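**Q** Sequence lines, in order, name chains A and B.
Following the numbering used here, the numbering of the first sequence begins with 11 at its first residue and continues without gaps.
Following the numbering used here, the numbering of the second sequence begins with 1142 at its first residue and continues without gaps.
Simulated from the structure, these hints should not be mistaken for lab results.
Among the hints, a few may not be true.
Covered by chain B, according to a simulated footprint, are these stretches of chain A (three or more residues, beta-carbon under 8 Å) [stated by the list, open to error]:
#1 141-154
#2 240-246
Sample of chain A residues with no beta-carbon within 10 Å of chain B, all distances over it, derived [unchecked claim]:
#3 TYR23
#4 LEU63
#5 THR72
#6 ARG166
#7 GLU191
#8 MET215
Computed from a predicted model, the values in this text were never measured in an experiment.
Beta carbons are placed, not taken as given, at the ideal position from N, Cα and C, and that holds for glycine.
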Amino acid sequence: MALLAINNIEVIYDHVILVLKGVSFEVEQGQIVALLGANGAGKTTTLKAISNLLGSERGEVTKGSIEYRSERIDGLTPNDLVRRGLIQVMEGRHCFQHLTVEENLLTGAFTRSGSRTQVRSDLEKVYAYFPRLKERRRSQAGYTSGGEQQMTAIGRALMAQPQMILLDEPSMGLAPQVVDEIFEIVHDLNEKERVSFLLAEQNTMVALRYATHGYILENGRVVMDGPAGELSSNEDVKEFYLGLSGSGRKSFRDVKHYRRRKRWLA
Amino acid sequence: MTFFLEVLIGGLLSGVMYSLVALGFVLIYKASGVFNFAQGAMVFIAALAYVTLAERFGLPFWAAFALALAVMVLIGILTERIVLRPLVNQPQISLFMATIGLAFFLEGIAQMVQLWAFNDLSPRPLTLGIQDQPIEWLMNEFDILVSSFDLLAAAVAGVLVAALAVFFNRTRIGRALRAVADDHQAALSVGIPLKTIWGIVWSVAGFVALVAGLLWGARSGVQFALTLVALKALPVLILGGFESIAGAIVGGLIIGAAEKLAEVYLGPFVGGGIEGWFAYVLALLFLLVRPEGLFGERHIDRV
């Protein structure tokens, strides 16, 4: 039984702009699933549809269903979803700039009614995964580096004791080394804490290295999916998303290239 | 020397009265990043609710206070539901404009209530049982005139500030309030319910408005002019910083003392009447030097 199942959802912004045109996929317990695709493909919209953060952007799920632990969750507030263990880490970090790193982490425990000692020990656990945050815990989050902010954002989500994290573009604006560091931690969290991840990424190469399964979105549709290993060895994926191809540099005069690409965008 | 002290103390204490009003602004600003134009109207409507309950219906102090507080909480919750909720994640200028509308609305309602309850719009006296008279002991010992009412106001403000500071910095809800002020969407994403949070903060702001309204009403009568008290809170906020509770107090003290001293010592050179505008000049100068105020949050930009 899938932990999260998206069935044929359609999302419309402002009552006119159709962004997702029937997207379906599943995330099994313990998986890291990557949603891949170019700018504007609908990755972020998909995540926000699940976490129900679309409302404040005048977006709406108009068709299809979203099931989490075999229960319909479309229409639940983000607060309800976080309580059920489903939390989103938004694109671009979105730390609370004027709060200290530690206060940022503590806001993640808002929905928990646990005791102070319980929260304390969770805080220590987050610091164990992100030792850098412990050093910076007293500084205002706005003054920390991009990597530290991304760590703060993930750590903040962990404080809610989630079963599943929707992670939007964690590599954005970060140095390759920091990207690897973050993905290593995601991998650790997946293995040790049994947190499942739904990961939206443009950095296809890194995402497929850590993911178990991948879905490729184009223009609001899933155009291809498969186990991560299979995807990364697929010729088309290599050419269009990884920038690799057997025959070296491509010439734009190559008509076959266009035809193949067209099949993807139809 | 005693004269100087008397002016200084009088100024500081009247500054505390400004602080009380400024506190309401700070609360809303801290929790939603919005300058609440309706704060003055809230002070007026709170004072009016109390006077109506106490005088028209003859309720004792605590009953009238509790009911007036309930009215303010109700107004806070309705404001969240009708005005703020549709504006989540919209530019802050939209929220600001909404509070201007709210101010006119509340002022209109308040005047309707006053007409209904008392049949006229003249200032209503409000008594809290404490005389606005000099403390005799201080007068005899040091020859300084200090009003006991002013001292009470200062004590009330002190307690309020301490309680609010603890609330914002040490509690789970307080932290969530500050988080919401920084980033609505991020706050939503970690499961902080904006509705509840805004309901709480407008209720607390209503409480502060009630306290300010009672003290100001006792001083100058409950009247429409109370809404203008908010204008005096503006320089206080600019000095102290919009996000700082401590700043509201310190700013109030500085403004209060400065305008009284200026009136007494500079006034004669320009023919008096400085008190009315000196605070604004001070605020203007301050803006040039330190636009975020003494204790305000610096704007953080990544480059």
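**Q** Quick check for students: does the CB of THR72(A) sit more than 10 Å from each CB in chain B?
**A** holds, 20 Å
**Q** Just double-check MET215(A) for me: nearest Cβ-Cβ distance to chain B has to come out over 10 Å.
**A** holds, 26 Å
**Q** Per the coverage rule (Cβ-Cβ under 8 Å, at least three residues), is the stretch 240-246 of chain A covered by chain B?
**A** violated (count 0)
**Q** Quick check: do three or more residues in the stretch 141-154 of chain A have a beta carbon closer than 8 Å to a beta carbon of chain B?
**A** holds (count 3)
**Q** Is the Cβ of ARG166(A) farther than 10 Å from every Cβ of chain B?
**A** Contrary to the label, ARG166(A) does not stay out of reach of chain B, its closest Cβ about 6 Å off (not over 10 Å).
**Q** Please confirm whether LEU63(A) is truly not at the interface, meaning its C-beta sits more than 10 Å away from all C-beta atoms of chain B.
**A** violated, 6 Å
**Q** Non-interface claim for TYR23(A): all C-beta distances to chain B beyond 10 Å?
**A** holds, 13 Å
**Q** Taking 10 Å as the cut and beta carbons as the points, is GLU191(A) off the interface with chain B?
**A** holds, 20 Å
The earlier numbered hints that this structure contradicts are 2, 4, 6.
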